[in-house]
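**Q** In case you want the letters, here they are:
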Amino acid sequence: MRGRARLLAAGALAVVVVAGVSGCATEEVDGEAHADTAARQQFLATTFEERMAAATEQFSSGSDLAGLEYVSILGGADEFDLTREVTLVGEPATVVVRESSSREGDTIDLYHEGGSDTDFLLLGSMFSELSPTLWTEVPTVIGAEDDPCLLPASRIFCGATAALAAEEGNEAPIYDLSTDDAGVSRISVTTSLANLAAQAGTLALPSGLVDAETVDEGSVATITIQSDAEGAFTALELSAPLGGESGRLLVGFESTGAVDEDEVPAAPSPFDVTTIDASDVDAFYEEIQRLRDE
Amino acid sequence: MLAATLLTAAGLTACTVTVDGEAVPADSAPGINVDVLAAGESIDIDSDPGATNDFWDDNASNASAPAYEPPPEGEEALTDKPTGVLVDPTTGPVEDVDPESLQDSAAGNPFASPGLSGQVHGRLYGAFDDQSAYVCSATVVNSAGKNIVATAAHCVYDAFSKRYAQKLQFVPADRNQMEETPYGIWYANKIFAPKEFIEQAEADASGRTAGNGWYYDFAFLTMDANSDGQQIQDVTGGQGISFGGELNGVLSIGYPAAPPFDGMSERYCSASNVADRYTNDYVLNCDMTGGCSGGAWLTKFDSTTGAGYLIGSNSRGGGGKLLSAALGEVALALYNQAGGGA
Numbered sequence: 001m002r003g004r005a006r007l008l009a010a011g012a013l014a015v016v017v018v019a020g021v022s023g024c025a026t027e028e029v030d031g032e033a034h035a036d037t038a039a040r041q042q043f044l045a046t047t048f049e050e051r052m053a054a055a056t057e058q059f060s061s062g063s064d065l066a067g068l069e070y071v072s073i074l075g076g077a078d079e080f081d082l083t084r085e086v087t088l089v090g091e092p093a094t095v096v097v098r099e100s101s102s103r104e105g106d107t108i109d110l111y112h113e114g115g116s117d118t119d120f121l122l123l124g125s126m127f128s129e130l131s132p133t134l135w136t137e138v139p140t141v142i143g144a145e146d147d148p149c150l151l152p153a154s155r156i157f158c159g160a161t162a163a164l165a166a167e168e169g170n171e172a173p174i175y176d177l178s179t180d181d182a183g184v185s186r187i188s189v190t191t192s193l194a195n196l197a198a199q200a201g202t203l204a205l206p207s208g209l210v211d212a213e214t215v216d217e218g219s220v221a222t223i224t225i226q227s228d229a230e231g232a233f234t235a236l237e238l239s240a241p242l243g244g245e246s247g248r249l250l251v252g253f254e255s256t257g258a259v260d261e262d263e264v265p266a267a268p269s270p271f272d273v274t275t276i277d278a279s280d281v282d283a284f285y286e287e288i289q290r291l292r293d294e
Numbered sequence: 295m296l297a298a299t300l301l302t303a304a305g306l307t308a309c310t311v312t313v314d315g316e317a318v319p320a321d322s323a324p325g326i327n328v329d330v331l332a333a334g335e336s337i338d339i340d341s342d343p344g345a346t347n348d349f350w351d352d353n354a355s356n357a358s359a360p361a362y363e364p365p366p367e368g369e370e371a372l373t374d375k376p377t378g379v380l381v382d383p384t385t386g387p388v389e390d391v392d393p394e395s396l397q398d399s400a401a402g403n404p405f406a407s408p409g410l411s412g413q414v415h416g417r418l419y420g421a422f423d424d425q426s427a428y429v430c431s432a433t434v435v436n437s438a439g440k441n442i443v444a445t446a447a448h449c450v451y452d453a454f455s456k457r458y459a460q461k462l463q464f465v466p467a468d469r470n471q472m473e474e475t476p477y478g479i480w481y482a483n484k485i486f487a488p489k490e491f492i493e494q495a496e497a498d499a500s501g502r503t504a505g506n507g508w509y510y511d512f513a514f515l516t517m518d519a520n521s522d523g524q525q526i527q528d529v530t531g532g533q534g535i536s537f538g539g540e541l542n543g544v545l546s547i548g549y550p551a552a553p554p555f556d557g558m559s560e561r562y563c564s565a566s567n568v569a570d571r572y573t574n575d576y577v578l579n580c581d582m583t584g585g586c587s588g589g590a591w592l593t594k595f596d597s598t599t600g601a602g603y604l605i606g607s608n609s610r611g612g613g614g615k616l617l618s619a620a621l622g623e624v625a626l627a628l629y630n631q632a633g634g635g636a
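Those sequence lines, one after another, are chains W and Z.
Okay, so the first sequence: first residue is 1 according to my numbering, each after it adds one.
Okay, so the second sequence: first residue is 295 according to my numbering, each after it adds one.
Okay, chain W solo, but in the shape it has when bound (with noise of 0.2 Å):
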């Protein structure tokens, strides 16, 4: 949570740094000195395509990944704080996500073997009453159907440019680049936290965390693609005040590099596994929704 914390403060940092040294000259000339602004805007709004064009190739092109996933409200009466790590290999994906979240023992781990129709979750001691093993088997979710953006860190792509899609008839976006003295690089746009809200879904947001319905309409969120010195993506962050004493949401998908595949679990052995029929895993869910709100 710090970590994001400072991710936004140095890109706030950077904009004054490069706001100052902007417009920089080899010699003095007479006049005002006028920002191009719309061809600035445009020059922004092409690198910030390309960008998240080239950070969604990558992810959605069957290449390993490992990075974490996060949802978070920082600032408000009601801090909370979800982190997934993900690990995704192979194509199609085996997919491992390790999920936990500033209630204590609310954590879920989940195991998806490439191809496979089931997805295993490992449940923390909140939901301990719910499955008498280790494991639980359940029908798949980010597996059933060849949609890239049901896979972890995919949504967060598909979210955001869902969100940013969404903004067409609305006001402008506005771009911003910053650049730090390491050479990393924040470019943002903005768009509404009515369209962030709407994405919730995809973004795979915590059920109740953010209501679309009831968001303010004016409210702006601000989506940034972050790359290292040399160009490469590193993470992707969407941001907004949610209004009042609510504080702020992130949402967002950090790289963490390569993967190693020793990280990669073994499936568990059948064992250590009860499974839960298609049947009966609406109710399955709906106790962990239960359990998580009491």
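If you are wondering where the hints come from, they were derived from the structure by calculation, not from laboratory data.
In this text, a Cβ means the ideal position worked out from N, Cα and C, and glycines have one as well.
Heads up, some of the hints might be wrong.
Said to hold, decoys possible - Computed Cβ-Cβ distance ranges for the label pairs, DEER-style:
1) W:Gly244 to Z:Asp392: 35 to 43 Å
2) W:Glu104 to Z:Asp392: 34 to 42 Å
3) Z:Thr598 to W:Gly244: 17 to 25 Å
4) Z:Ser521 to W:Glu91: 56 to 64 Å
5) W:Glu287 to Z:Asp556: 19 to 27 Å
6) W:Val141 to Z:Gly378: 46 to 54 Å
7) W:Ala165 to Z:Glu473: 51 to 59 Å
8) W:Glu50 to Z:Glu389: 56 to 64 Å
9) Z:Met558 to W:Asp81: 28 to 36 Å
Stated by the list, open to error - Non-contacting residues of chain Z with respect to chain W, defined by C-beta distances greater than 12 Å in every case (computed):
10) Ile479
11) Ser500
12) Ser564
13) Asp596
14) Thr598
Stated by the list, open to error - Reference listing, derived: stretches of chain W covered by chain Z, where coverage requires no fewer than 3 residues with Cβ under 8 Å from a Cβ of chain Z:
15) 132-144
16) 261-270
With chain W fixed as given, assemble chain Z onto it according to the hints.
**A** Only chain Z this time, still in chain W's reference frame:
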């Protein structure tokens, strides 16, 4: 006084455990002949379900762990000789074994209990007298009489005090110490224990074991029909048995009750194979504790149907190891004596 009683009882057997709670006499005189019969003979139990059930209502709770002394190494092999005889499970021959089920697992995780295994394995409650209740594990095995339950000999015969158990009741698929009894409670009417165990298995008050009899630590029980006249196998089905044959993966199941476990649920250990026999025992890396005694050792276990072949039962353990005597020709003779192959 009670603590002392329980401590003594804990020392009586190798891997059984005593249960906490006030040990009280049954409502009526124990319905069991406690005379030690000739080795290899059976012992009749005038089963008294009402009294047995009442006794366990008063005595079933948690358990404590017995001490364990591994058997000496380097002894001459005295194994129960393999016969190659195979009795299929009631669900039919097991054809395939899921390779993923052949993983090594030693932690004693909760067992998923698929298919048949969710019906035939359970908890055995017994007492060697009115002051020393204990719990073990046991398995319904396929038999002609449809009424045979397999367990460890030390679960039915006290090698320290040389006496048979009383008030034996078996609860298939027991959960939370008889809070859930989905296949009923069944009462033993006869014990079949090998003479090798009766004559040569020794234990001291601290629970240390000695003697070659421990290499024959298996026994069979025949059970009363239920009030509807059904035999236990008609209700639960039965696992297969291998009286000495090839192994294809090993699965140990039981209800460990000594810490860190609580006896409330069925747990397991598994391996792709067992190590070479430790003198005469199979040995498996496993952290299960007292209370798992008598629980099934299965091979060629189908993780989908839950069917497999019994090769032994939890006998002794400690230090991360669990041992089982191997079923062979003595076990086969005993099984036939119990009406298994009649």
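**Q** Just to be sure I understand the hint, the distance between the Cβ atoms of Ala165 (chain W) and Glu473 (chain Z) should be within 51 to 59 Å; is that true here?
**A** For Glu473 (chain Z) against Ala165 (chain W), whose Cβ atoms are near 55 Å apart, the range 51 to 59 Å holds.
**Q** Beyond 12 Å from every chain W Cβ: check whether that's true for Ser564 (chain Z).
**A** 6 Å, violated
**Q** Note whether the CB distance of Thr598 (chain Z) and Gly244 (chain W) lies within 17 to 25 Å or breaks it.
**A** 54 Å, violated
**Q** Report holds or violated for chain Z covering the segment 132-144 of chain W, Cβ cut-off 8 Å, minimum 3 residues.
**A** As far as the segment 132-144 of chain W goes, the hint holds, because 3 residues have Cβ atoms under 8 Å from chain Z.
**Q** 34 to 42 Å was suggested as the range; check whether the CB atoms of Glu104 (chain W) and Asp392 (chain Z) agree with it.
**A** 35 Å, holds
**Q** Confirm or reject: Thr598 (chain Z) is not an interface residue toward chain W, with every Cβ-Cβ distance exceeding 12 Å.
**A** It is violated; Thr598 (chain Z) is separated from chain W by about 8 Å at its closest Cβ, not greater than 12 Å.
**Q** Would Ser500 (chain Z) pass as off the interface with chain W, using Cβ distances and a cut of 12 Å?
**A** 34 Å, holds
**Q** Within 56 to 64 Å or not, the Cβ separation of Glu50 (chain W) and Glu389 (chain Z)?
**A** 57 Å, holds
**Q** Met558 (chain Z) and Asp81 (chain W), beta-carbon distance inside 28 to 36 Å?
**A** For Met558 (chain Z) and Asp81 (chain W) the Cβ distance comes to about 34 Å; the hint holds.
**Q** Mind checking, does the segment 261-270 of chain W have 3 or more residues with a CB under 8 Å from chain Z?
**A** holds (count 4)
**Q** Does 56 to 64 Å hold as the CB distance between Ser521 (chain Z) and Glu91 (chain W), or does it fail?
**A** With a Cβ separation near 60 Å, Ser521 (chain Z) and Glu91 (chain W) satisfy 56 to 64 Å, so the hint holds.
**Q** Non-interface claim for Asp596 (chain Z): all C-beta distances to chain W beyond 12 Å?
**A** Asp596 (chain Z) not clear of chain W: closest Cβ-Cβ about 10 Å, inside 12 Å.
Hint compliance for this structure: hints 1, 3, 12, 13 and 14 are not met, and every other hint is.
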